[in-house]
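Working from the sequences, and respecting the hints, build out all of it.
Residue numbers for the sequence shown follow numbering that gives the first Met the number 0, beginning at 0 and rising by one.
It is possible that part of the hints are untrue.
Each pair of labels, with its calculated beta carbon distance range [stated by the list, open to error]:
#: 1; residue 1: Cys-180; residue 2: Pro-240; range: 45 to 55 Å
#: 2; residue 1: Arg-26; residue 2: Tyr-336; range: 16 to 26 Å
#: 3; residue 1: Leu-78; residue 2: Val-212; range: 21 to 31 Å
#: 4; residue 1: Arg-299; residue 2: Leu-331; range: 34 to 44 Å
#: 5; residue 1: Phe-181; residue 2: Asp-268; range: 17 to 27 Å
#: 6; residue 1: Gly-271; residue 2: Ser-330; range: 17 to 27 Å
#: 7; residue 1: Lys-311; residue 2: Leu-82; range: 26 to 36 Å
#: 8; residue 1: Val-206; residue 2: Phe-333; range: 24 to 34 Å
#: 9; residue 1: Ala-176; residue 2: Asp-367; range: 40 to 50 Å
It is worth saying that the hints were derived from the structure and are not from the lab.
Note that the structure is a prediction, hence the values are computed from the model and not measured.
Just so you know, even glycine gets a beta-carbon here, dropped at the ideal spot from N, CA and C.
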Amino acid sequence: MGSEHDACLPKVYFSNNQPITAADTARANRLFAVVGFSYIIALDALLQPVDYWRLLFPTFNAEFEISWVYTGTCVGTLLVLLLQHGTPVLDQRIRRGFMVLLLFMSMLPLSHFVLSTTTQHLVMVLASAAALGASIAAIDSSVFALASLFSSTGQTVEHVQLGLGVALLVSALYRVASKACFESDMVVAASMVYFGVAFGTIAMGLVAFSILVRLPMAQQRLHERAKGQTMNVSIWRKIWPHEAMVALTYLTTFSVYPGVITSIPCFHDESGWWNATGWWPLVLMTSYAVCEPLGRYCVRWRCGFTHKTVWKLVVPRVVLVLLIVCCAEGSLWFTQYDVFSLGVVMALGFTNGFVGTLALVVVNDVVDDHERTFTGMCATLTINTGIFVGTTVGLALASWLNL
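Written as structure tokens, this is what we have:
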């Protein structure tokens, strides 16, 4: 993919007049994908261990509260960062964010052996969700701001997005593997292994970023005093309709993911094993995780959709929310078929990956080169605003449906 785009780009030079080659760009893109893959694992570690949260909080579905606190902190952090004056030191912000992720991804599993009451565990989990939300927001906005400077075609942003999607898949597979290797009643042991692997993955991302910032190409970008890095009303007026499509895409998804999806029962579970052991919610989450990065990968084939027509993909996804709610309730006869529930969840995952990434990438088509850093930071804000509003809707649905 890189060679096709790079052939159309003008020559760019390092400070020592050495040209940036397609190989340089491809290496940077791969490292960006690894960085995106690694830091978002912390979020997946909050969403995937459904059976562990149910063990800690047997009387309510904590996924809704965890998602809401995480996304609320994300949005608040992003607003603070976006309104700051001056040019942000992106590499320092990303490094500090990774260090906080590592700290709390070690404290969260260790707290299981220190705390004793449900209230104490809830406070720790929600505090960790808030800390991870603030850190991921800082990393996410900085990575997108930096990636937006690397390519005029948006291919570096696409690599970050692909890394984020693959992280969801790998995190789900981590969880499946850790659960499969232990007996059904060894939820704590399986979860500790899962958290440990997630910690190692985040550490790998910090190493990958350290390699990335040492590249001459990255050094050049980090030292560019790009315009439009603080709040710019004129740019916002230009991009807000397109950013609204990004927000609506994620709002639609996270109004039912993960809380409503994990509440969908296995209707044809005669023995009760799939529901009792927590394997059915894990099957649904893994199915979503398989389809989501596939959708992100398919964005290279845009099927003629542009920033003017992407809304035709965004708006119809609202129907999927209604169908998933019906699956959780079993209110319609055809929603009581497990294969239907599985298919709708897979459709939600694929369309979130494809439509969400496409809506994000086409925003670059309406801005100038010097406006891309601000646009990249706005992208993270609109994504998390959509997620926050979506999780708020999810909380309302949980209360309404008694999930």
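Against the structure, the hints come out as follows:
1. Cys-180 to Pro-240: 45 to 55 Å: 48 Å, holds
2. Arg-26 to Tyr-336: 16 to 26 Å: 47 Å, violated
3. Leu-78 to Val-212: 21 to 31 Å: For Leu-78 and Val-212 the Cβ distance comes to about 26 Å; the hint holds.
4. Arg-299 to Leu-331: 34 to 44 Å: 36 Å, holds
5. Phe-181 to Asp-268: 17 to 27 Å: 21 Å, holds
6. Gly-271 to Ser-330: 17 to 27 Å: 22 Å, holds
7. Lys-311 to Leu-82: 26 to 36 Å: 33 Å, holds
8. Val-206 to Phe-333: 24 to 34 Å: 49 Å, violated
9. Ala-176 to Asp-367: 40 to 50 Å: Since Ala-176 and Asp-367 have Cβ atoms about 46 Å apart, the given range 40 to 50 Å holds.
The earlier numbered hints that this structure contradicts are 2, 8.
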